[in-house]
Amino acid sequence: MRKLMLMLMFLILCNLGFSKTYFEVSLNDSSLANLREKASNNSKIVAELDMFDGGEVIKKEGDWYYIKYRTESGKILYGYIHKSQGFLTETYVVSSKDGYANIRWEPSSNGKIAGTEKNGTILEVYDEKGEWLHITYGDSPHFPVAYVHKSQVKKEE
Numbered sequence: 001m002r003k004l005m006l007m008l009m010f011l012i013l014c015n016l017g018f019s020k021t022y023f024e025v026s027l028n029d030s031s032l033a034n035l036r037e038k039a040s041n042n043s044k045i046v047a048e049l050d051m052f053d054g055g056e057v058i059k060k061e062g063d064w065y066y067i068k069y070r071t072e073s074g075k076i077l078y079g080y081i082h083k084s085q086g087f088l089t090e091t092y093v094v095s096s097k098d099g100y101a102n103i104r105w106e107p108s109s110n111g112k113i114a115g116t117e118k119n120g121t122i123l124e125v126y127d128e129k130g131e132w133l134h135i136t137y138g139d140s141p142h143f144p145v146a147y148v149h150k151s152q153v154k155k156e157e
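Reminder that position 70 of the sequence shown reads as 70 in the UniProt record's numbering, one-by-one numbering, no gaps.
Derived by calculation from the structure, the hints in this document are not laboratory data. Source: prediction; values computed, not measured. Please note: incorrect hints may appear among the correct ones.
Claimed, not checked - Here are the computed lysine to aspartate or glutamate pairs in the EDC-like style, where the Cα-Cα straight-line distance is at most 20 Å: (1) Lys-154 to Asp-127; (2) Lys-150 to Glu-128; (3) Lys-97 to Glu-56; (4) Lys-75 to Glu-61; (5) Lys-44 to Glu-61; (6) Lys-97 to Glu-72; (7) Lys-150 to Glu-131; (8) Lys-112 to Asp-139; (9) Lys-150 to Glu-72; (10) Lys-112 to Glu-90; (11) Lys-83 to Asp-98; (12) Lys-75 to Glu-90; (13) Lys-97 to Glu-156; (14) Lys-97 to Glu-61; (15) Lys-154 to Glu-48; (16) Lys-68 to Glu-48; (17) Lys-150 to Asp-127; (18) Lys-75 to Asp-98; (19) Lys-112 to Glu-128; (20) Lys-60 to Glu-72; (21) Lys-59 to Glu-156; (22) Lys-59 to Glu-90; (23) Lys-38 to Glu-61; (24) Lys-83 to Glu-106; (25) Lys-68 to Asp-98; (26) Lys-60 to Asp-29; (27) Lys-75 to Asp-29; (28) Lys-129 to Glu-72; (29) Lys-20 to Asp-98; (30) Lys-60 to Asp-98; (31) Lys-60 to Glu-90; (32) Lys-68 to Glu-56; (33) Lys-154 to Asp-98; (34) Lys-112 to Glu-131; (35) Lys-154 to Asp-139; (36) Lys-38 to Glu-56; (37) Lys-75 to Glu-56; (38) Lys-83 to Asp-139; (39) Lys-150 to Asp-63.
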């Protein structure tokens, strides 16, 4: 739990003021994801990442992401991780003429409202469904569970 909270704090702090794309480990079992020296399964393992660990994406090479990863002790490591070992998130900020955005449970203006977020609130986006962005919300910091309309947010630059 402590590691999860530290990772969340790190991602929030890293997202303030600038946009980044992040890779987050997500595996179907309790195995670890390998951060490698080169974009190859035969390459030396630099670190083993737990579920929800991850880092800032620097570049993509084929099916591999080269990421900047911060260990629990604060050490910065760089390495490659295969796309099959997780997913990407992008940072958006609420920016609505109304001063807030409705967060909905379904990707529809008729969907039940889960809540509202004020302008300036940072949202983690996992996917798009037409004009809607699939986001984390509330008690689900690692799982996309709600939607916000694209017109209500802007991608941080």
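Structure-based check of all given hints:
1. Proposed proximity of Lys-154 and Asp-127 is supported: the alpha carbons are some 15 Å apart, at most 20 Å.
2. Among the hinted pairs, Lys-150 with Glu-128 is consistent with the structure: their alpha-carbon atoms are about 9 Å apart, no more than 20 Å.
3. Proposed proximity of Lys-97 and Glu-56 is contradicted: the alpha carbons are some 31 Å apart, above 20 Å.
4. For the hint pairing Lys-75 with Glu-61, the CA-to-CA distance comes to about 24 Å; that exceeds 20 Å, so the pair is violated.
5. As the CA atoms of Lys-44 and Glu-61 are separated by approximately 17 Å, the hinted pair is consistent with the 20 Å bound.
6. Straight-line distance between C-alpha atoms of Lys-97 and Glu-72 comes to about 40 Å, which puts the hinted pair past the 20 Å bound.
7. With a CA separation close to 6 Å, the supplied pair Lys-150 and Glu-131 stays within the 20 Å bound.
8. As the CA atoms of Lys-112 and Asp-139 are separated by approximately 17 Å, the hinted pair is consistent with the 20 Å bound.
9. The straight-line distance between the Cα atoms of Lys-150 and Glu-72 is roughly 34 Å, outside the 20 Å bound, and the hint therefore fails.
10. For the given pair, Lys-112 sits about 24 Å from Glu-90 by alpha-carbon distance, which is inconsistent with the 20 Å threshold.
11. Restraint check for Lys-83 and Asp-98: not satisfied, since their Cα atoms lie roughly 38 Å apart, outside the 20 Å limit.
12. Our distance criterion of 20 Å between C-alpha atoms is broken by Lys-75 and Glu-90, whose separation comes to about 23 Å.
13. Between Lys-97 and Glu-156 the CA atoms are separated by roughly 17 Å; this keeps the pair inside 20 Å, and the hint holds.
14. Between Lys-97 and Glu-61 the CA atoms are separated by roughly 39 Å; this puts the pair beyond 20 Å, and the hint is violated.
15. At most 20 Å may separate the alpha-carbon atoms for a hinted pair to count; Lys-154 and Glu-48 exceed this at roughly 34 Å.
16. A distance of roughly 14 Å separates the Cα atoms of Lys-68 and Glu-48; the hinted pair therefore holds under the 20 Å criterion.
17. For the hint linking Lys-150 to Asp-127, the alpha-carbon distance of about 12 Å falls within 20 Å, and the restraint holds.
18. Our distance criterion of 20 Å between C-alpha atoms is broken by Lys-75 and Asp-98, whose separation comes to about 42 Å.
19. Annotation: proposed proximity of Lys-112 to Glu-128 holds, straight-line Cα distance about 18 Å (limit 20 Å).
20. For a cut-off of 20 Å, the pair hint linking Lys-60 to Glu-72 is broken: about 24 Å separates their Cα positions.
21. Under the criterion of a C-alpha separation no larger than 20 Å, the hint pairing Lys-59 with Glu-156 is consistent with the structure, at around 18 Å.
22. With a CA separation close to 14 Å, the supplied pair Lys-59 and Glu-90 stays within the 20 Å bound.
23. Proposed proximity of Lys-38 and Glu-61 is supported: the alpha carbons are some 10 Å apart, at most 20 Å.
24. A threshold of 20 Å between alpha carbons decides the hint, and for Lys-83 with Glu-106 the separation of about 27 Å lies outside it, so the pair is violated.
25. Straight-line distance between C-alpha atoms of Lys-68 and Asp-98 comes to about 37 Å, which puts the hinted pair past the 20 Å bound.
26. In summary, the hint linking Lys-60 to Asp-29 is not supported, as the alpha carbons are separated by about 25 Å, beyond the 20 Å threshold.
27. Our distance criterion of 20 Å between C-alpha atoms is broken by Lys-75 and Asp-29, whose separation comes to about 26 Å.
28. With a C-alpha separation of about 35 Å, the suggested pairing of Lys-129 with Glu-72 is violated against the 20 Å cut-off.
29. In summary, the hint linking Lys-20 to Asp-98 is not supported, as the alpha carbons are separated by about 26 Å, beyond the 20 Å threshold.
30. Between Lys-60 and Asp-98 the CA atoms are separated by roughly 37 Å; this puts the pair beyond 20 Å, and the hint is violated.
31. Using a Cα cut-off of 20 Å, the hinted pair Lys-60 and Glu-90 holds, with the two alpha carbons roughly 15 Å apart.
32. In summary, the hint linking Lys-68 to Glu-56 is supported, as the alpha carbons are separated by about 5 Å, within the 20 Å threshold.
33. At roughly 14 Å between alpha-carbon atoms, Lys-154 and Asp-98 fall within 20 Å of each other, so this suggested pair holds.
34. The straight-line distance between the Cα atoms of Lys-112 and Glu-131 is roughly 17 Å, inside the 20 Å bound, and the hint therefore holds.
35. Using a Cα cut-off of 20 Å, the hinted pair Lys-154 and Asp-139 is violated, with the two alpha carbons roughly 23 Å apart.
36. About 17 Å separates the Cα atoms of Lys-38 and Glu-56, which keeps this hinted pair within 20 Å; it holds.
37. Annotation: proposed proximity of Lys-75 to Glu-56 holds, straight-line Cα distance about 14 Å (limit 20 Å).
38. With a C-alpha separation of about 26 Å, the suggested pairing of Lys-83 with Asp-139 is violated against the 20 Å cut-off.
39. With a C-alpha separation of about 28 Å, the suggested pair Lys-150 and Asp-63 falls outside the 20 Å cut-off, and the hint is violated.
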